[in-house]
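Enquirer: From first to last, the protein sequence lines are chains A and B. Position 319, counted from 1, in the first sequence is what my numbering calls 1116; the numbers after and before it change by one each time, with no gaps. Position 43, counted from 1, in the second sequence is what my numbering calls 304; the numbers after and before it change by one each time, with no gaps.
Because the hints were derived from the structure by calculation, they are not lab data. We put the CB at the ideal spot given by N, CA and C, even for glycine. Don't take each hint at face value.
Claimed, not checked - Derived CB-CB ranges, DEER-like: (1) B:Pro346 <-> A:Ser913: 31 to 41 angstroms; (2) B:Arg395 <-> A:Gln899: 55 to 65 angstroms; (3) B:Cys338 <-> A:Val1084: 53 to 63 angstroms.
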Amino acid sequence: MGYLSDQKMTPHHKTKMKSLNDSGQLSLDFLVGISIFATILIIASTMISGLLIGLEAKKIDFDAVAYRTGVILVEDPGEPSKMAFDLTVAEEQQWEFVGLDQKDKIRRFGLALYKSTPRVLAEQKIFSFFNRSKFPDLSEYRERIIAGDYPYSFNISLRSLPTGVTYFLGEPYNPNSTYGYIRRMVLVKGQTMATVDMNRYNVSIPDSSDFYVNISYNKLLNQSWGPQYWIEPPKEDITINLGNMSSVKNQSSMSNVKLKNIKMTFDGILLDGREVTGVDLPYRDFVVKIDGTDYTFVWPDGAAGSHLDVTHSLNITFPAGYFIPPSAYADVTLIRMTIHYEFEPTTVNLSSSNNRYEYIPGNVGFTPSSLTPAVLEVRVW
Amino acid sequence: MVNTEGQLYTIEGIAASVLVMTTIYLVLSTTTILTPGETHVYDMQLEQLGNDILAVMDLNQTWVDNGYGYAKSPLQCYIEKDDGPGFGHRFLTLGKQTIGEENVAEINFIAIVTYRSGANINTYIFNSTRDYSRERAVKVTRWVNVNDNHSNSHLDNRNQTVLLEVLLWRG
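All chains, full assembly: derive it from the sequences and hints.
Expert: Following this line, the structure appears as structure tokens:
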């Protein structure tokens, strides 16, 4: 089409310019329309993948989430959690011992002992996990065990098969409604205990008034056993029961066996490589049951009004976490921890050549930790 | 405005595109795609349970050196003594443990031990609840160590590892 000046345009031309003519010119209307259509088409096509998600059955999604949660709980040690063989663990490096103040350091719950021991759960982790005092709000559990943004409801239960003790966590579920479900069969590693028959240490010519229980770390972590059979004093209950105390009573003495004090010493290697033995450890308070009565021992003087009479038994349970070394000793490589019972000299028949008990599986009176089956169920909806 | 020229105006263009897109959206979102995943989930649960039970049976309660430097597991004892019924009883006992009011469908299984004898690979049925008649089943397996001083008449007298396969189904 040529360029015509206004003067040369005929009325016929002007009419044709107003409406679309055979000139092949695109109209603005068409451009607007097609661009809106194209924009929406692009937006819609990006939403297609989202559409397909909605097509999946919800039940499948719930089952998948329940399965994932089950795997996290049963096959993962949680975070933070120290690697195997790391005995100088600190509270904030092991989630089950993280205190209330630092609870935000717990990033993920997991009940397994170690990564290398799936399906073998640590008892202390179970206690910590099902104890709601740290996290009264369930949403805080949710973000630490459920991998997903959707606010799923959940119910987790664990039952020990030999004892029947059952733990619950989460919201009550309706058995008739739809929920995702997984059942896992697991083993729970129990606690150890030593029952020392004091009759074995009774001598006729006493030359000592001390008794020692050795907890030798290098022997308790036996490589060839595998982590599920290890004893790790910082992470487990340590129970020492001295029984049959009357048998070491000095018969010529009028008085009963009298306990002066209980001390704790350690052998270890310092940072500079020096090896030290028998170092007095300023211990944290602990409770001693003497003939069934509780006495709290406080460093350094022991129980108030020491020189306690012992007629039958002397029981101590150091709770899990007790042997986590104080921060001042965190750099020491511990070799041995010794519980040192100091008795009143004239009241016991003990010999310095035979007054030590080794806290180790296989020793007389030692109850090793046993792996007991339990069932864990996860429900998610 | 509207005349015989077939002109599409802006407002009509928008309306038309909204109509088309709404229709596409509705059609897609109402389509039900039947996935076979629904049944796979139940298989997965049964398979997980079977694997868990075999793993639990494959760890001894405490450390007891069996003279070969490791603790003998209950699973190893069952095979060494050829105690199929004992194995089956333990397997089903663990398999039926639940906490909630879960409806536990009866679990059936066939356990097969595969071993090498000379140049041959042989199998025998270790234990079973009933015959397998082509139900929908899953299979879980575990390699089990056997010491040379075993009393299983099927196996050669040497240290060996045999394959335990358990075919599991509900019903």
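Enquirer: None of the hints should be skipped; say for each whether it holds.
Expert: Right, here's what the structure says about each hint:
Pro346 (chain B) and Ser913 (chain A) have their C-beta atoms about 33 angstroms apart, which keeps the hinted 31 to 41 angstroms range intact. A C-beta distance of roughly 57 angstroms is found between Arg395 (chain B) and Gln899 (chain A), which places it inside the suggested range of 55 to 65 angstroms. The given range of 53 to 63 angstroms is broken by Cys338 (chain B) and Val1084 (chain A), whose C-beta atoms sit roughly 41 angstroms from each other.
Hint violations for this structure: number 3 only, all remaining hints satisfied.
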